[in-house]
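Please model the entire structure based on the sequences and the hints provided.
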Amino acid sequence: MVEGHSSHEFNGVEVSGVVEGDTVFIRADGRDGLGHPLDYHALNAIIRKTIMTKCKRIVLEGVLGQRYIGSASSRSDLKIDIHGTPGNNLGAFLDGSTIEVFGNAQDLTGNTMNSGKIIVHGNAWDVTGLAARGGEILIKGDTGYRVGIHMKEFGGAKPAIVIGGTAKDYLGEYMAGGTIAVLGIGPDNGKFPIGHNIGAGMHGGSILIRGQVSHHQLGRGAVFGDIIEDDVQRLDELIRDFEEAFKVEAPRDWSAFSKVCPNTYRPFSGHYDPTLI
Amino acid sequence: MNAAVDLAKNSIGHLLPDRFRPVIDYESCKRCKKCVSECSFKAIDFIDGRVTPTGGCVACGRCAAFCPTGAIEIEVIPDQFPPHANFTERIRRGIISQASTGGVLLSSCGTDVEHPIIFDEILLDAAQVTNPSIDPLREEIETITFLGRRSGKLTVSEKDSFAFISEIGPVVAMDMPVMIGHISLGSVSYNAQKALFMAAKELNIVAGSGEGGLHPDFYVYADHINSEVASGRFGVTSDYLNKVATVEIKIGQGAKPGHGGHLPGEKVTDLISQTRMIPIGTDALSPYPHHDIYSIEDLQQLIAVLKEATEYRVPIGVKIAATHNVAAVSSGIVRAGADFLTIDGFRGGTGSSPRIIRDHAGIPIEVAVAVVDKRLTEEGLRNKMTLCAGGSIRSSADMIKCIALGADLVMVCTAALVAMGCRVCQQCHRGLCSWGIATQRSELTSRLDSDVAAVRVTNLFSAWNEELKEVLGAMGIDSVESLVGNRDRLRYFGANPKIAEIMGVKHVGEGWG
Numbered sequence: 002m003v004e005g006h007s008s009h010e011f012n013g014v015e016v017s018g019v020v021e022g023d024t025v026f027i028r029a030d031g032r033d034g035l036g037h038p039l040d041y042h043a044l045n046a047i048i049r050k051t052i053m054t055k056c057k058r059i060v061l062e063g064v065l066g067q068r069y070i071g072s073a074s075s076r077s078d079l080k081i082d083i084h085g086t087p088g089n090n091l092g093a094f095l096d097g098s099t100i101e102v103f104g105n106a107q108d109l110t111g112n113t114m115n116s117g118k119i120i121v122h123g124n125a126w127d128v129t130g131l132a133a134r135g136g137e138i139l140i141k142g143d144t145g146y147r148v149g150i151h152m153k154e155f156g157g158a159k160p161a162i163v164i165g166g167t168a169k170d171y172l173g174e175y176m177a178g179g180t181i182a183v184l185g186i187g188p189d190n191g192k193f194p195i196g197h198n199i200g201a202g203m204h205g206g207s208i209l210i211r212g213q214v215s216h217h218q219l220g221r222g223a224v225f226g227d228i229i230e231d232d233v234q235r236l237d238e239l240i241r242d243f244e245e246a247f248k249v250e251a252p253r254d255w256s257a258f259s260k261v262c263p264n265t266y267r268p269f270s271g272h273y274d275p276t277l278i
Numbered sequence: 037m038n039a040a041v042d043l044a045k046n047s048i049g050h051l052l053p054d055r056f057r058p059v060i061d062y063e064s065c066k067r068c069k070k071c072v073s074e075c076s077f078k079a080i081d082f083i084d085g086r087v088t089p090t091g092g093c094v095a096c097g098r099c100a101a102f103c104p105t106g107a108i109e110i111e112v113i114p115d116q117f118p119p120h121a122n123f124t125e126r127i128r129r130g131i132i133s134q135a136s137t138g139g140v141l142l143s144s145c146g147t148d149v150e151h152p153i154i155f156d157e158i159l160l161d162a163a164q165v166t167n168p169s170i171d172p173l174r175e176e177i178e179t180i181t182f183l184g185r186r187s188g189k190l191t192v193s194e195k196d197s198f199a200f201i202s203e204i205g206p207v208v209a210m211d212m213p214v215m216i217g218h219i220s221l222g223s224v225s226y227n228a229q230k231a232l233f234m235a236a237k238e239l240n241i242v243a244g245s246g247e248g249g250l251h252p253d254f255y256v257y258a259d260h261i262n263s264e265v266a267s268g269r270f271g272v273t274s275d276y277l278n279k280v281a282t283v284e285i286k287i288g289q290g291a292k293p294g295h296g297g298h299l300p301g302e303k304v305t306d307l308i309s310q311t312r313m314i315p316i317g318t319d320a321l322s323p324y325p326h327h328d329i330y331s332i333e334d335l336q337q338l339i340a341v342l343k344e345a346t347e348y349r350v351p352i353g354v355k356i357a358a359t360h361n362v363a364a365v366s367s368g369i370v371r372a373g374a375d376f377l378t379i380d381g382f383r384g385g386t387g388s389s390p391r392i393i394r395d396h397a398g399i400p401i402e403v404a405v406a407v408v409d410k411r412l413t414e415e416g417l418r419n420k421m422t423l424c425a426g427g428s429i430r431s432s433a434d435m436i437k438c439i440a441l442g443a444d445l446v447m448v449c450t451a452a453l454v455a456m457g458c459r460v461c462q463q464c465h466r467g468l469c470s471w472g473i474a475t476q477r478s479e480l481t482s483r484l485d486s487d488v489a490a491v492r493v494t495n496l497f498s499a500w501n502e503e504l505k506e507v508l509g510a511m512g513i514d515s516v517e518s519l520v521g522n523r524d525r526l527r528y529f530g531a532n533p534k535i536a537e538i539m540g541v542k543h544v545g546e547g548w549g
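Residue numbers (the working numbering), protein chains in the order written: chain A, 2 to 278; chain B, 37 to 549.
Hints were generated in silico from the structure; no laboratory data involved.
On a predicted model such as this, the values are computed, not experimentally measured, just so you know.
Ideal placement from N, C-alpha and C gives every residue a C-beta, glycine not left out.
Computed, partial: chain A to chain B, Cβ under 8 Å:
{"id": "1", "residue": "S72"}
{"id": "2", "residue": "R134"}
{"id": "3", "residue": "G205"}
{"id": "4", "residue": "P268"}
{"id": "5", "residue": "H272"}
Next up, the structure:
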C-alpha cells in the first residue's frame, strides 16, 4: 500500500492508484508502507500488478529516476504514460506495449526491445535501442553515445529509431539491421547532426542523416550509400510517425539526407585461417 | 600482384603435409565404399576399384568406426620437418599457413597445447579407521544441488513452533552437481542440441541454450534450460526469458576470454536465421563486450533488469572466463546481484576460436575456482550464491576435485559431445562435422539420432554421479554439499608447491599432526 494512494479493486486485482475508466493513475513519488520513497523494485511491482488488471493505459506521475519501468511488457493494447524522469533501461525487452515519456529518458531506453513503441518528448541518452529487434523509438530531442548498437532485423520485424535532433559518436555501431534516422532539427538545423565513428563494424541496416556528414565521421566498415526510392519511402513513414507523435512538422528535404550503410554483410569473411596445423 | 596472392594461397597444400592418414587393409576391405560416403572431409575416395586416401584427413575416426570389416586405421603421420625443440612442427606449420593465407589462425574445442594439468596432480582423500567410510549402495548419499541465490544464514523462529524464517531467493534443484554448458544451436546441429536438452530433462539438471535463442520446438524443455544472454542478444525475447529455468549473462568464455562470437554466414541457414532472428547468410556477430556493460555498476543494471523482466522467479547468473584477476571480478559480480556465478577455465571448449586466444589466454579452472571461493568466503559473499566451474571437466574425478576446490557444481560441454560421437578433432569451425554434431548440413545432421545421443549423455552423467557417490562414501561424507570447498580432502602431488599454496591445498605427506 502506497502512502497517498487509495487501493482499488479493478477487474479483480487490487491496485495502488486512481482508476478512471480504463486508465490507472499511479504516483511514483509516493512512499511505501515503511515510509521509504518508492524505489524501482516497489514501483515496478505496482506497475506489473496494474498490468494484470487488463487496463488500457497506465499514467505514472512524478517519476523520480526509477529504473526498468515497463520492462518486458508484452500487452500490445497497453500504453504507459510517464511524467517526470524515468531511469535507465526504460522499456527493456519491451514486446508490444507503447511507452510515452513526457520529459527526458536516461540511458539504455528500449534495451533489446522486440516490438512496441517508445516515444520520448525530450532527449534519450546513451545506448538507446541497444540490440533492438523490432519496434520503434521516437525521440524528439537529442541522443547520446552508442545509440542503436547492434540493432538487427528479421523477416517483418524491422526496428527503427528516429532522432529529431542530433546524435553523438558510435551511432549504429555493430548494426545488423533496421533503420536509424537523424533529422538534425534544432538550433544548428543539420549543421552538426552527428559525432564520429558512425556505424563502426556495421554489417546490416542503414543510418539516414539529415545535414552535414563527412567521410571522416564514418567508422570502420561503414560507407556512404545512394538514397534509393525504398529509403525515401521508409524515411517518409518514419517522419510521419514522428510528426504524429510530437504534433510538429518535420523537414522532408531528401537531398539534405545522407545514407550510411555497411560495406559488407560478411565482415569476417577472409579474416580467419581455418587450416589444420 | 594478384597472381602472387593466389599462388601464395594455393601453395599451402604442397607446403603443409597432412598430419593424419587413413590406412586401409586391402585384404579385409570389402570395397563397400561406406567410408567414402561417411567421410565429410573428402579425405577418402574410391579410385580405380579401391579405397584411396586423398589427403586432408582430420582423424575424426568416422570412417574407421563405420567400416564393417574394421579395415581402416587412422595413422598419425610423424613430423615431416627437421627436428627442432624450439621451432616445433606446430610452430612452423602455423607460420607456413599464415604466410599463405594472411589470416588469424582458427581452431575449435579446448586448447590442445601441453600445459600442465593441475587436476591430474591432485589426489583424493579416503576415510581410514578414525572415520568410517560409507557404502553408497546401501546408504543414502545426497547429491541434490541447488543453483541460485542462497539465504546466507538460517534464521529460526522459536515463537510458536520451530520454523525457518530465512528468505531464500529463486533456486533450481538439480539431481547432481553438473550442468551442461552453453552449446548454441548454430555451433551444433538441431539434433545435437535436442539431445542435450533431452538428457538434461531426464537427469533433472539444466543445460545451457548458448547464445542463439531457443528454437520453438525446444520450449518443452524450457524448465531444464539455462538461457544465455550474451552480447549479441540473439533470440532473447520476454517470451523466452519467461519460460526458462535460469538465465545466465555471458561475459566471457574460457576458450576465448575477451572475444566475441562469430557464427560465419555459411552456418546461418534458414533454421539458424529463425532462432537468432537475423537474415540468412549474414555473419552472426556477438560483440566483444556487452555494449551496455563497461563496469560492475553496468552489470548490476543488466542483472536487475533481467530480474525485473522475469519477475524475480528465476536465478540470474553471470559467466566469466577465468583470467588473471578473476577473484576481484567475481567479488564485484556477486555484489552486483548475481545469484550464481560460472567460471570457465582456459581449457574450455569452443565451436570456433582464434588459436592465439584459445591457446594462450586465461588461467586454469583449478586455480581460478579455488581463489574465487577463497575470496568470496573472506568477504562473506560465498554462502549467498552458487559457484559453478567449468573449462574442461573431463571426468568425474575432475568434477570431484573441482567441487573440493570450491565449486558447488561443474559445467560440462565437451565430455557430453564426446558421449554423442565427437572425437575432439578440433574442426568444428569448418562446419563439416562427420558425426553430425558441429554442422548445419542436413546430410550430416541427419546422422545424429537425438534419442540415442540423449541416452548416451544421460548414461555418462548418471555414471559420474555414481562415481561421485563412491568417492563421497569412501571419504565418509554423506552429502556433496559437505565436499564443497573441502580442500582438506585433497593433496597436491605435482612439481610446483606454489600452485598448491595458492589453491589452499596441502602437499602430499602433510597431515593434521
